[in-house]
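> The residues making up each chain are set out below.
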Amino acid sequence: MTPLEERYRRLLRLLPAGYQDRWGDDMVQTFLDGMRQPDPDDDELVQELGRPDRSEIVSVVLLAARLRLGAAPGASDRAVSRGEAVRYAVLALAAVHASGAGLDAFALVWRGLTPIRGGWSATAAGLVGILWLPAFLALVFGRLAWARPLIATAVGLTTLLVAADLFHGPAPATWVLLVLDALALVGLVAFEDGKRPVRPRPWLIGLAAGFIGLPGYLLLAVPVHGRPPVLDWYGLICLATVVAAVVNLRTRQAGRRQAVLLLTVGALLLRATSTADYFRFVPAAERTPYLLASATETTLLLAFGVALWWAGVGVGAAGQARVDERG
Amino acid sequence: MAVTEPAFFILTALVGAPRHGYGIVGEVAELSEGRVRLKVGTLYGVLDRLVGDGLVELDREEVERGRLRRYYRITGAGRQELAAEAARHAANAHAARDRLAAEAARHAANARPARDRLAAWPMPIGGSRRPTTPATAS
Numbered sequence: 001m002t003p004l005e006e007r008y009r010r011l012l013r014l015l016p017a018g019y020q021d022r023w024g025d026d027m028v029q030t031f032l033d034g035m036r037q038p039d040p041d042d043d044e045l046v047q048e049l050g051r052p053d054r055s056e057i058v059s060v061v062l063l064a065a066r067l068r069l070g071a072a073p074g075a076s077d078r079a080v081s082r083g084e085a086v087r088y089a090v091l092a093l094a095a096v097h098a099s100g101a102g103l104d105a106f107a108l109v110w111r112g113l114t115p116i117r118g119g120w121s122a123t124a125a126g127l128v129g130i131l132w133l134p135a136f137l138a139l140v141f142g143r144l145a146w147a148r149p150l151i152a153t154a155v156g157l158t159t160l161l162v163a164a165d166l167f168h169g170p171a172p173a174t175w176v177l178l179v180l181d182a183l184a185l186v187g188l189v190a191f192e193d194g195k196r197p198v199r200p201r202p203w204l205i206g207l208a209a210g211f212i213g214l215p216g217y218l219l220l221a222v223p224v225h226g227r228p229p230v231l232d233w234y235g236l237i238c239l240a241t242v243v244a245a246v247v248n249l250r251t252r253q254a255g256r257r258q259a260v261l262l263l264t265v266g267a268l269l270l271r272a273t274s275t276a277d278y279f280r281f282v283p284a285a286e287r288t289p290y291l292l293a294s295a296t297e298t299t300l301l302l303a304f305g306v307a308l309w310w311a312g313v314g315v316g317a318a319g320q321a322r323v324d325e326r327g
Numbered sequence: 328m329a330v331t332e333p334a335f336f337i338l339t340a341l342v343g344a345p346r347h348g349y350g351i352v353g354e355v356a357e358l359s360e361g362r363v364r365l366k367v368g369t370l371y372g373v374l375d376r377l378v379g380d381g382l383v384e385l386d387r388e389e390v391e392r393g394r395l396r397r398y399y400r401i402t403g404a405g406r407q408e409l410a411a412e413a414a415r416h417a418a419n420a421h422a423a424r425d426r427l428a429a430e431a432a433r434h435a436a437n438a439r440p441a442r443d444r445l446a447a448w449p450m451p452i453g454g455s456r457r458p459t460t461p462a463t464a465s
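Chains A and B, in that order, are what the protein sequence lines are. Residues in the first sequence are numbered consecutively from 1, following our numbering. Residues in the second sequence are numbered consecutively from 328, following our numbering.
These aren't lab readings, by the way, just hints derived from the structure by calculation. Among the clues, some could well be false.
Claimed, not checked - The following label-pair restraints were derived from C-beta to C-beta distances: (1) A:49 <-> B:422: 14 to 20 Å; (2) A:9 <-> B:381: 26 to 32 Å; (3) A:175 <-> B:390: 52 to 58 Å.
Stated by the list, open to error - Take a look, some chain B residues computed to stay more than 10 Å from chain A by CB distance: (4) 344; (5) 348; (6) 358; (7) 359; (8) 368; (9) 372; (10) 395; (11) 409; (12) 414; (13) 422; (14) 427; (15) 428; (16) 430; (17) 431; (18) 437.
Idealized CB from N, CA, C, for every residue including glycine.
Use the sequences and the hints to build the structure in full.
Below, the structure written as structure tokens:
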């Protein structure tokens, strides 16, 4: 085995074992054929020093991700439910952004098109956030070819905005949200173009509820002494996640359960980092209700997250018991 | 069933002769005039799906330079799927061509020289004041 073949085989270890058994040798053969040089000296050099180029590496990494997320024929049940979990989680994040975009647009119009509180970068971020609305709709209707560039653009522009705002000290939660967005971009490998990942209706109803409910909430909650509401944006995300956990407490769909667990982890990270904002932006004398709210939300999230995980273990054990009885 | 562009080219590359992995890569590059250059990960991702869907199957295995080389061929179902997809592409192209031709005709009509448009006017400019018979010197 030449060093080049060894390097390529090392890359193929990213693929699931069954897939490697089925296609590995053939892939190596095709790769080596592509690297062959007409001149024997050049060929020897390439076999000794050559490496798979970046595009070959990316193609194998993407293939490995798709296979491990069940987007391939003959994938294991575990990979299929993992892929389902990623799709639900990405959709939920896109729904949060799309609802937030609706809220920002409403706030912008309500204030007579004056910038959103937080200056130009917050206004620009609000405008960039609008990209998530068509992206969410494209995802729901299985138009991955539209969703991918929209989400990539939104994540890219948000990264630039956060980086530009670096010296003013962006809130830590902004970074966490950006990392979650970037993960959602990677998670798009679990989607297939032309295939609807979910029934659109409930997701569209959810979006419509967000579009109506959030501006209503903004009108009710914001004017209180001009201070941010105790149940702020991240608090609302926590609340939505708790509702999702409660709704899915008894679900037998492993993918949905795993998705809510993923969302719970994300919401906990956001809540923990956004709590740090209270120490920066809220005067010490007024801080207590915010910290109490944050602690309550964190406790609820943890409690329902653990309950969901425990219920999942129960469902898994019951399923295994049935398999044992049959076996 | 939606056929992606790489799948479409792979099926097309296998029409006429079974091919091994690198043969498919080369044929697809030629068919697409160099526009589609399949990476190995992409090729086998698509090939796995096509084999799973029964559109492509293993033709034979040959040993070359001590290595096993697999050849793949298109199945009857694969031919049907490719023909259906090609018909869809042709219908789409036809619709686009018709629209473009109609638009080009409209533009051509609007772009006639100004003199032609004046000639088409019911009453030529100054026509009523023009003498109908040439003036004759007495």
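> For every hint, state whether the structure bears it out.
Against the structure, the hints come out as follows:
1. A:49 <-> B:422: 14 to 20 Å: Check failed, 52 Å falls outside 14 to 20 Å.
2. A:9 <-> B:381: 26 to 32 Å: Since residue 9 (chain A) and residue 381 (chain B) have Cβ atoms about 30 Å apart, the given range 26 to 32 Å holds.
3. A:175 <-> B:390: 52 to 58 Å: 55 Å, holds
4. 344: At roughly 17 Å from the nearest Cβ of chain A, residue 344 (chain B) sits farther out than 10 Å, so the non-interface label holds.
5. 348: 3 Å, violated
6. 358: Given that every Cβ of chain A is farther than 10 Å from that of residue 358 (chain B), nearest at about 17 Å, it holds.
7. 359: For residue 359 (chain B), whose nearest Cβ neighbour in chain A is about 16 Å away, the distance exceeds 10 Å, so it holds.
8. 368: Given a closest Cβ separation of 3 Å, the condition is violated.
9. 372: 5 Å, violated
10. 395: Incorrect as stated: the minimum Cβ-Cβ distance to chain A is 6 Å, not above 10 Å.
11. 409: The assertion about residue 409 (chain B) holds, with a minimum of 17 Å to chain A.
12. 414: Non-interface label stands for residue 414 (chain B): nearest chain A Cβ at 18 Å, farther than 10 Å.
13. 422: 19 Å, holds
14. 427: 23 Å, holds
15. 428: Check passes; 28 Å lies beyond 10 Å.
16. 430: Label holds. Min Cβ-Cβ 25 Å, cutoff 10 Å.
17. 431: The claim holds: residue 431 (chain B) sits with its nearest Cβ about 29 Å from chain A, beyond 10 Å.
18. 437: 34 Å, holds
In terms of the numbered hints stated before, the structure departs from hints 1, 5, 8, 9, 10, listed from lowest to highest.
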